[in-house]
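Dock chain B against the given chain A, drawing on the hints supplied.
Top line first, the protein sequences correspond to chains A and B. Per my numbering, residue 1 is the first one in the first sequence, and the count goes up by one each step. Per my numbering, residue 1001 is the first one in the second sequence, and the count goes up by one each step.
Worth flagging that the hints you see were computed from the coordinates, not collected in a lab. As the structure is a computational prediction, the values presented were derived from the model and not from experiment. Zero decoy hints are in this set.
EDC-like cross-link-like pairs, simulated, lysine to aspartate or glutamate; straight-line CA separation at most 20 Å:
# : chain 1 : residue 1 : chain 2 : residue 2
1 : B       : Lys1122   : A       : Asp329
2 : A       : Lys155    : B       : Asp1400
3 : B       : Lys1212   : B       : Asp1046
4 : B       : Lys1390   : B       : Asp1159
Restraint-style ranges between C-beta atoms, simulated for each label pair:
#  : chain 1 : residue 1 : chain 2 : residue 2 : range
5  : A       : Glu190    : B       : Arg1430   : 29 to 35 Å
6  : B       : Ile1367   : A       : Glu190    : 49 to 55 Å
7  : A       : Gly259    : B       : Asp1400   : 43 to 49 Å
8  : B       : Arg1439   : A       : Ile320    : 27 to 33 Å
9  : B       : Val1340   : A       : Glu298    : 56 to 62 Å
10 : A       : Arg40     : B       : Ala1172   : 56 to 62 Å
11 : A       : Ser9      : B       : Phe1121   : 34 to 40 Å
12 : A       : Glu298    : B       : Arg1430   : 53 to 59 Å
13 : B       : Arg1208   : A       : Arg40     : 41 to 47 Å
14 : B       : Asp1169   : A       : Phe118    : 47 to 53 Å
Heads up, the beta-carbon is just placed ideally off N, CA and C, and yes, glycines get one too.
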Amino acid sequence: MSLEVLGISVLWIFLYGYLIVAAIDFGAGFFAYYARITKREHIMSKLISRYLSPVWEVTNVFFVFFFVGLVGFFPDTAYYLGTALLIPGSIAIILLSIRGSFYAFGNYGPSNNTFFLFLYGATGLLIPASLSTALTISEGGFLEVTDDGVVFLAKELFTSPYSWSVVTLAIVSVLYISASFLTYYAHRAEDIESRVILRKFSLFWSAPTILASLMVFVALREHNPEHFQNAIGIWWMFGLSLLFFMIATFLMYKKKMYGFSFISVMLQFFFAFFGYGASHLPYIIYPYVTITGSVVNETMGTALVIVFIAGLLLLIPSLILLMRLFLFDADYVKGKK
Amino acid sequence: MEFDSVMLSRILTASTLLFHVIFATIGVGVPIMIMIAEFLGIKKNDPHYLVLARRWARGYTITVAVGVVTGTAIGLQLSLLWPSFMQFAGQVIALPLFMETFAFFFEAIFLGIYLYTWDRFKNRWAHWLLTIPVVIGSTLSAFFITSVNSFMNTPQGFDIVNGEAVNIDPLAAMFNPATPAKVFHVVMSSYMTAAFILAAIAAFALVRKKGKDYHKKALRLTMITGLIFAAGTALAGDLSAKFLAEHQPEKLAAAEWHFETESNADLLVFGTINEEGEVSNALRIPGMLSFLSGNSFDTEVIGLNEFPEDERPPLGIHYAFDIMVMIGMYSLFISGLFIVLMLFKRFNEWNKPLLWGIVASGPLAMIAIECGWILAEIGRQPWILRGIMKVDEAATTSGDVGIALAMFLLLYGVLGTFCVTVLIKMFKNRPPEAELEKRYPNGKI
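Isolated chain A (complex conformation) (with noise of 0.2 Å):
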């Protein structure tokens, strides 16, 4: 494998990493808050702050990871990503502040405030947003490279169907994907009130994250046939998202193997997702950065390579004690430990 293809491979399973951990992450904020206002605070909050207490620290180190590495591998990113998204990363970026802050706050600090709740409720589901323009800007005609540098080209930006459909993936995938796991850990910690909520939550949103995948694919046809037709010539891969969509609701419908039907959502959505990154090679950012020409020097790569090993090395067994402790001890989710 070249350099280049295994540095984007590694970045698209951070990126892939950090979409699953922060969909749970960033719906079960929006679920706790709803279930505050709603007068059902007892039933789901107390399950979804067991499980997000230890871990939300590591979900953003996901995202930190993601945008070093493609800096890292690919600095050409930073020129052409740096200065057009100034504006859509730094609201990006002070969102995910005011979530991470508040959450704190919230959570160790001493009260147990609706406002500091709600801003990470609607935090949550902004910033999916909000990171989703870097993925469309990438597709291209969204920058225009004059002599002066790089104009980031806002209106057509908020004009674009594409870039709408984009949004609105983002937003109900985030909430599909935290309804279905957190499902799957309302069952373990043996919280039928919940995961009646919780299961309702996941088949509610499971029709609309699957239109909005389809309108995704009708907005790129239109937008950079080019990336459309690559990604034809991978119909498989999509294919086979759709076979683990359709396993995965069955089953959360029949009320069964809770967590079989979340991995299937994994499942569905690493599809989904290597399928998009593949069909979008050999582009980085349309057409002006392509994986070839914009890679590191060897040297570095290399370098960079062989310290992702060993960080891994580090990192894994860490993170099994991590979820040992907090995923997979029936007693901690339960809430005895």
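Relative to chain A, chain B alone:
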């Protein structure tokens, strides 16, 4: 001063860093204090120290949260505000940036585990062991990120051919001449600042007559470690001065208003300077600058006049230098005094003026940190990569930096206010005695 996007980008980066460094310093320094307190608690079978570790850890989570989010902000702002710099430097310095996220990851995982497993292990040492990866992770983060900053001061490990970096040597870039002194200084001063901030809290409780045994133990612990770290910081500062004299003489010369190259150069303390570069009201210590630069009064110290005018750092950094050094001296003095009084039984180390002096030392240490960074960063102007790329070549061309600046200033205002309020609320009216009583009713662990 013209408020173009270069200036606005500088102001925004400075605001983010000045805000972040408060939490980053606490983030690097406090884990080691928690580690020591929990160690003593288990070793001495003394619940006071365990409650101390618990309460420090609880406050620490709040500051970590703000540290994480502002750290994410600066990480992204590097690319958003300085795209050309990142495009160039990404080729050379991606390694430590990447490793920093690993260290951060490692710390995040174990901090989460540490905070939620206080009573989960039968053997208390098993829980204490979790502090080790947290301390390693936070200190390594400081190491990697400081090596990036060091690279900006003394870039090496590549050649430039037609404006592109070639012949890259990632390790040479990471271990550049500035790295050892800078890392040592950053880590020591963070440990020191954390010790003095925690000391200030204990001293404040004692001065208000709310403090009991718990606070006395806390103060003794923090003052002893504080003195050790302050001595370490002083040593690191001395090494930094010697490093500057050798590798970045224009920074030292600007900080010391030293214009003519000479041996037996005087050290300037305080004073003011006018437009013509004439210094007044300063205290001159003869030969001391030479001594500081090379351990001998004969050392020749390069003056600012050797550098073209458009490559000289602003002279205002002298004030930051003075403040930083003075506070460093003060920290050594106050912790030394406390320990002397503590060792000799006929004195009273709990007297009010001394306690007030310790209360002041916490915020002062943080001011010294800020001054140190102002000196280090403004002292590098006009370069972003010393000798290679100037700041105005690196800044974004976007016209929206002003809006971003306004949004971030508002954000930092809100975060700062809430952080302080939440921290005060967390501990006010919840005395440690009540917690001791609740957790360890028979006074044993």
